[in-house]
Each structure stands twice: as C-alpha cells, then as structure tokens.
Amino acid sequence: MVLATFLFATMGVCVKLASELYAASEIVMYRGLVGMVMMAVLVRQQGLSLATRVPGMHLWRSISGVTSLCLWFYAIGKLPLATAMTLNYMSSVWMALFLLGGAVLMGAQKLDWRLMAAVLLGFVGVALILRPTLDQQQLWHGLAGLLSGMIAAMAYLQVTALGRAGEPELRVVFYFSAGGCVAGAVITGITEGGLQTHTLRGAALLLAVGLLATTAQVCLTRAYAIGRPLVNACLQYLGIVFSFGYGMLLFKDPLTWLAALGMLLIIGAGIAATLLRARAAPPPKDSQFNPNES
Numbered sequence: 022m023v024l025a026t027f028l029f030a031t032m033g034v035c036v037k038l039a040s041e042l043y044a045a046s047e048i049v050m051y052r053g054l055v056g057m058v059m060m061a062v063l064v065r066q067q068g069l070s071l072a073t074r075v076p077g078m079h080l081w082r083s084i085s086g087v088t089s090l091c092l093w094f095y096a097i098g099k100l101p102l103a104t105a106m107t108l109n110y111m112s113s114v115w116m117a118l119f120l121l122g123g124a125v126l127m128g129a130q131k132l133d134w135r136l137m138a139a140v141l142l143g144f145v146g147v148a149l150i151l152r153p154t155l156d157q158q159q160l161w162h163g164l165a166g167l168l169s170g171m172i173a174a175m176a177y178l179q180v181t182a183l184g185r186a187g188e189p190e191l192r193v194v195f196y197f198s199a200g201g202c203v204a205g206a207v208i209t210g211i212t213e214g215g216l217q218t219h220t221l222r223g224a225a226l227l228l229a230v231g232l233l234a235t236t237a238q239v240c241l242t243r244a245y246a247i248g249r250p251l252v253n254a255c256l257q258y259l260g261i262v263f264s265f266g267y268g269m270l271l272f273k274d275p276l277t278w279l280a281a282l283g284m285l286l287i288i289g290a291g292i293a294a295t296l297l298r299a300r301a302a303p304p305p306k307d308s309q310f311n312p313n314e315s
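Here our numbering is used: the first residue of the sequence shown is 22, the next is one more, and so on.
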C-alpha cells in the first residue's frame, strides 16, 4: 500500500508536467490506453475473460470514473500538487455524506453524530485549504478538484456494486481504462481540435502516467487482497504526504499553516469516516480501492 501511494503521487508529478504540453482529456486518453493494454495482458496471463454479463454497470462506472479523473488531472495541472491530491481524497468524506443522506431518506430516527462530525471536519479542512491558497482565478480549479472527489465517491459505489456482482478487479479496471481512452479521445477532438504532436519528453511523460497508475493499481489491489482493509484505507492518505513533498521540492508550491491544518483535518476526517462507515456497512474486500486510481 505504501508503494502504491508513492507511485500514485509520482504519477501526479508526471500529470502536472504533462499538463504543460497536453490537455487533461488527452492525458486521460493515453493513461487509459496504457492501462487497457496492461490489463489485457494480465487478464490473458491469468486465464480470465473480458466478457461481462453487466455491460451497463461498467458503462456507468466508466462515466463517473472518467469524469472524476478528467477533473482531477485538470486540478493537478492548475493547483499546487498537494492541494489537488487532498481535494480528491475528500471522496471518503463524500461517502460518509451519502451514507447520512441515505439514512435520512430511509427515515432513520437517529443519525450517527460521529459521522456527521467527520463530514463537517472535512469541509472545514476544505475551507482552510481553498481560502489561503487560491486566488479568485483559481477558484474554479479548486472546485474542479473538490468535484472530482465527490464524483469519485459515486464511482466507488459502482465499483462496490460490480464487486458484489462477481466482476474481477482486472475486468473492472480494463473497462474503466477503455472508457477513459474513448472518452479522452472524444473530448480532446471536440475541445482541442485533435491530438497534440509529441516530443520525446511529452511521450515519455504520457507513458510514465500510464505505467505508474497501472502498476500502482496492481499494488493497491494486492494490498487489499492480503492486508486489513481499514489499515489500507488509512495508509492511502500517505499519498497526500508524498505529494506535499514533491510539490515543495519540485514545484516550489506555497503552503501556509492554514492550508497544512486543512490537509490534516481532511486526512483525519477521511480516516474517521472510513472507520465509521466500515462499522455501519462493511463493503466487500474486492471493491476496496480508490476509483480514481483504478
């Protein structure tokens, strides 16, 4: 799990560098292409099949996951790396909010005040991060990062449903990668007028994004297969720490004490929400991974 979080943070560095040359949608397309090829090879090696009985579920999972990924890559290109990563990791807090909303709709007489406190703590952290680090022109970039975490939470619900339907992780990741490749190509064609010409540096960055993301996903899936799900879920927040280090060392990203406090609040809220959600309704082990990182 620690290796996976490090690889994802390194992927974020490559995305930020590639954003100087390519649109977010084009980076998503190439990431999906590399992931699709790697997953197809793994599926063949393990003797599995890519045929699925639930194509509609894969379609909705791809739509939400690819939308979240595009927003996340856009935010990484425009915001300090640690800020973009932290906003995306709000997905655990959004999940807790969805759980509370579901309880209200089901007519629950009593809500878990600890879960409510975790949600509020997370949004206090967001306020502390966005206010000191974003000027008016960056507000929309921050909202894109925040929205990526919310949609990631929706994708997580769909991944859980796919796991309960008996879909193996490799098949889920393959169709998500295929969806990213197709959607990225379409969006790039509409908004950018076509693909950018490649330089050696640009092609290397795009390949690195795909290789790092897919290798990290394999590590992540393995960690959840052999380790404790709650420990793994908490260790995922090391990605913010690694991103903070990269941002300070490579990009000279500014960080105020209020922003640092906001990150700590979001990490604490995410861990608390994960623990409380697991006690309320533990998801199946094979669906316990971040949908943006699949």
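Since the hints were made in silico from the structure, they are not lab data. If you're wondering where the values come from, they're calculated on a predicted model, not measured in any experiment. No residue lacks a Cβ here, since even glycine has one placed at the ideal position from N, Cα and C. It is possible that some hints are incorrect.
What the hints assert, rightly or not - Cβ pair distances, simulated, as ranges:
(1) 77 / 211: 23 to 29 Å
(2) 69 / 138: 39 to 45 Å
(3) 282 / 80: 26 to 32 Å
(4) 23 / 281: 18 to 24 Å
(5) 216 / 138: 46 to 52 Å
(6) 220 / 277: 18 to 24 Å
(7) 80 / 285: 16 to 22 Å
We went through each hint and held it up to the structure:
At about 24 Å, the beta-carbon gap between residue 77 and residue 211 stays in the expected band of 23 to 29 Å. At roughly 43 Å, the beta-carbon separation of residue 69 and residue 138 lies within the given 39 to 45 Å, and the hint holds. In this structure the hint that residue 282 and residue 80 lie 26 to 32 Å apart at CB is violated, the actual value being about 41 Å. A hinted range of 18 to 24 Å holds for the C-beta pair residue 23 and residue 281, which are about 22 Å apart.
Between residue 216 and residue 138 the beta carbons are some 47 Å apart, a value that agrees with the proposed interval 46 to 52 Å. Taking the beta carbon of each, residue 220 and residue 277 are about 36 Å apart, not inside 18 to 24 Å as hinted. Separated by about 38 Å at the C-beta atoms, residue 80 and residue 285 break the suggested range of 16 to 22 Å.
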